[in-house]
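Novice: Model the full assembly from the supplied sequences, consistent with the hints where possible.
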Amino acid sequence: MNQFNKDIIAALSSDKDITLNEVLRRQIEVTANQFLQNELTAVLGYEPHTRIDRSKDDVNYRNGTYTRTIDTEYGEINLTIPRDRLNKFQNALFPPYVRRTDGLEKMVIKMYSKGVTTREIADMVERMYGHYYSPTTVSNITKRTKHLVEEFHERNLLGYVRKNDLREIITDFKTIRQAESLQAAKERLAAFSAKWESSYKRRIKNLVQMEELFTFFSFPTAIRQTIYSTSLIESFNKSLKKMVRRKEQFPNEGALDRFIMTQVMEYNDKFENRAHRGFKDCHDTLDSMF
Numbered sequence: 001m002n003q004f005n006k007d008i009i010a011a012l013s014s015d016k017d018i019t020l021n022e023v024l025r026r027q028i029e030v031t032a033n034q035f036l037q038n039e040l041t042a043v044l045g046y047e048p049h050t051r052i053d054r055s056k057d058d059v060n061y062r063n064g065t066y067t068r069t070i071d072t073e074y075g076e077i078n079l080t081i082p083r084d085r086l087n088k089f090q091n092a093l094f095p096p097y098v099r100r101t102d103g104l105e106k107m108v109i110k111m112y113s114k115g116v117t118t119r120e121i122a123d124m125v126e127r128m129y130g131h132y133y134s135p136t137t138v139s140n141i142t143k144r145t146k147h148l149v150e151e152f153h154e155r156n157l158l159g160y161v162r163k164n165d166l167r168e169i170i171t172d173f174k175t176i177r178q179a180e181s182l183q184a185a186k187e188r189l190a191a192f193s194a195k196w197e198s199s200y201k202r203r204i205k206n207l208v209q210m211e212e213l214f215t216f217f218s219f220p221t222a223i224r225q226t227i228y229s230t231s232l233i234e235s236f237n238k239s240l241k242k243m244v245r246r247k248e249q250f251p252n253e254g255a256l257d258r259f260i261m262t263q264v265m266e267y268n269d270k271f272e273n274r275a276h277r278g279f280k281d282c283h284d285t286l287d288s289m290f
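Under this note's numbering, read the sequence shown as residues 1 to 290, first letter to last.
No lab work stands behind these hints, which were simulated from the structure alone.
Treat the hints loosely; a few may be bogus.
Stated by the list, open to error - With a Cα cut of at most 35 Å, we get these calculated DSBU-like pairs of lysine-lysine:
1) K238 <-> K186
2) K186 <-> K242
3) K186 <-> K205
4) K280 <-> K241
5) K205 <-> K195
6) K195 <-> K174
7) K270 <-> K186
8) K201 <-> K186
9) K270 <-> K238
10) K174 <-> K205
11) K88 <-> K247
12) K163 <-> K241
13) K174 <-> K186
14) K241 <-> K174
15) K56 <-> K163
16) K174 <-> K88
17) K280 <-> K238
18) K201 <-> K174
19) K280 <-> K270
20) K270 <-> K205
21) K163 <-> K174
22) K242 <-> K195
23) K270 <-> K247
24) K241 <-> K270
25) K241 <-> K201
26) K238 <-> K205
27) K88 <-> K56
28) K56 <-> K174
29) K201 <-> K238
30) K280 <-> K186
31) K163 <-> K88
Specialist: Have a look at this one:
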């Protein structure tokens with residue numbers, strides 16, 4: 001379960017009168033305001049709270065804000081638009097006098113996921129909308145996936161295991177997910193942790209703290225194997241390699257990581273409404289759960 005899903009569940013649980021649309025509207029509002037700050041940072045060339053010499057006439061810096069409202073498909077959002085001293089900042093996502101969004105930020109990430117370079121995206125946006133996105137700004141948009149990349153890398157356990165321990169760790173860990181109940185699985189995880197923590201302290205700590213580790217026990221037995229199996233992942237990895245080959249080069253490792261994350265996000269959207277093996281058999285049970 002990612003942080004966005006957690007935020008939705010938390011909001012719906014704490015306020016019975018709140019709707020899903022309102023939760024999404026709030027999330028869009030937060031993200032849009034963060035994007036505006038990132039966009040200004042790209043124009044200025046330095047992060048907020050950085051000390052600069054303001055005595056020179058040609059030095060540009062943040063100079064307050066003003067507010068605007070924009071209508072989105074999920075409702076009205078309130079924007080805090082930052083200003084700069086030399087008035088060079090003209091945000092491209094919310095141009096003046098426009099009161100409705102057209103999903104431009106989704107289009108940018110979509111093009112990036114298809115292998116279009118940041119410079120090509122910037123040029124296309126300018127031709128289509130009459131507003132220029134610098135390659136740096138486009139790169140900053142795609143960097144919003146960076147924290148997802150970092151969280152994903154932290155999950156890897158076997159990648160840090162010594163070769164001599166690998167087979168034994170795999171065997172021990174299988175007993176956890178093969179447990180008949182959640183309580184039995186937790187007991188086996190505790191035993192697994194006690195056995196291997198001295199050798200792989202950081203990795204075991206991350207594993208024990210992973211809230212999603214036992215999520216599959218909340219679901220019917222018919223679909224548990226599908227949830228914890230890697231078959232779908234292996235299939236996705238094959239298609240991912242094909243997409244990476246289409247993009248001739250990446251400027252750095254971070255750009256490659258972000259490209260892969262956009263592919264993951266697109267994959268989730270594509271298969272969100274498809275039923276996998278075992279899910280139809282317990283359709284009624286799943287309906288009652290959600």
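Novice: Return the numbers of the hints above that this structure violates; sort them in rising order.
Specialist: 2, 15, 16, 22, 28 and 31
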